[in-house]
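Chemist: I would like the entire structure built from these sequences, with the hints used as guidance.
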Amino acid sequence: MPVRSERRGPVTTVVLSRPEVRNAVDGPTAAELADAFRAFEADDEARVAVLWGEGGTFCAGADLKALGTERGNRVAEDGDGPMGPTRMRLSKPVIAAVAGQARRGGRAGTGALVRSARRRGGRRVRGVLPPLGRPADRRRHGPPPRLIGTSRALDLILTGRPVPAPEAYEMGLANRVVPTGRARDAAEELAAGIARFPQHCLRSDRASVLDQEGLDEPAALRGELRHGTAVLAESHKGAARFASGAGRHGSFSDV
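Quick note on this note's numbering: the sequence shown kicks off at 4 and runs consecutively.
By construction, these hints were calculated from the structure, which means they are not laboratory data. A portion of the hints provided could be inaccurate.
[What the hints assert, rightly or not] Cross-link-like lysine to aspartate or glutamate pairs, in silico, EDC-like; alpha carbons within 20 Å at most:
no.: 1; residue 1: K68; residue 2: E35
no.: 2; residue 1: K95; residue 2: E23
no.: 3; residue 1: K95; residue 2: D208
no.: 4; residue 1: K68; residue 2: E23
no.: 5; residue 1: K95; residue 2: E44
no.: 6; residue 1: K95; residue 2: E192
no.: 7; residue 1: K95; residue 2: E35
no.: 8; residue 1: K95; residue 2: D47
no.: 9; residue 1: K95; residue 2: D214
no.: 10; residue 1: K95; residue 2: D46
no.: 11; residue 1: K95; residue 2: E220
Modeler: This is the structure:
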């Protein structure tokens, strides 16, 4: 199976498994990826997801050999994106456990990055449009200017050069750098830690950050208030636990 999901407690790991093509994604694989993340979103017991590419490569992007065939990636303005879940707005965190290469179209938002990992833009060399499908996708998915800045984004977009892990971390394209071979384990450990926190409050904070993009400050503050008031009951419980001595001095051991 090119895509499978593995559960460990509240953590769901979505495994992309097409090692024979360095985990390049064709149309059917894109559909399976989208279905896997829809299932994760619908599962009340699943709190955090990890996306990992099996076989030493995170994802080589779209499967160029499938273009123009019945297995080609779907390119349309509505529905799923060409790579599957790239247009999804999930309510729960997703961590990309990136090892090896992650080409344009095969990237994801946050997570662990092994030292040997490189982000590449080889489609620019081949003259192939990145398979994201619409400007909104290109704004939301890396490397957008709002994530790493216009200058760095244009550097990567126009040159298509490989980016080693330390540079990706320094520019904010990756959130962690871990030893080679530890990407999945580190991402799942991070996911398990995130899953321990009160989920309504965590998801409200996450939604507040995502929703404020493009808003002026008054509108962003109103959005933050709207998300915050939706979880007041959970906040009251947390305040009571703190008053009783839990979580003092920044300790999360008793969360």
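Chemist: Does each hint fit the structure? Answer for all of them.
Modeler: Results of checking the hints against the structure:
1. Simply put, K68 and E35 have alpha-carbon atoms about 18 Å apart, close enough for the 20 Å limit, and the pair holds.
2. Of the pairs offered as hints, the one joining K95 and E23 is violated, with about 31 Å between alpha carbons and a cut-off of 20 Å exceeded.
3. Note on K95 and D208: the hinted pairing holds, with a Cα-Cα distance of about 11 Å set against a maximum of 20 Å.
4. For a cut-off of 20 Å, the pair hint linking K68 to E23 stands: about 13 Å separates their Cα positions.
5. Between the alpha carbons of K95 and E44 the distance comes to roughly 7 Å, so the proposed pair stays at or under 20 Å and holds.
6. The hinted pair formed by K95 and E192 meets the criterion: a straight-line CA distance of about 16 Å does not exceed 20 Å.
7. In summary, the hint linking K95 to E35 is supported, as the alpha carbons are separated by about 19 Å, within the 20 Å threshold.
8. Only pairs whose Cα atoms come within 20 Å are accepted, and K95 paired with D47 is accepted, the gap being roughly 10 Å.
9. Between the alpha carbons of K95 and D214 the distance comes to roughly 14 Å, so the proposed pair stays at or under 20 Å and holds.
10. Taking the CA atoms of K95 and D46, the gap is near 11 Å; set against the 20 Å cutoff, the hint holds.
11. At roughly 25 Å between alpha-carbon atoms, K95 and E220 are farther apart than 20 Å, so this suggested pair is violated.
The structure fails to meet hints 2, 11 from the earlier list, while all remaining hints are met.
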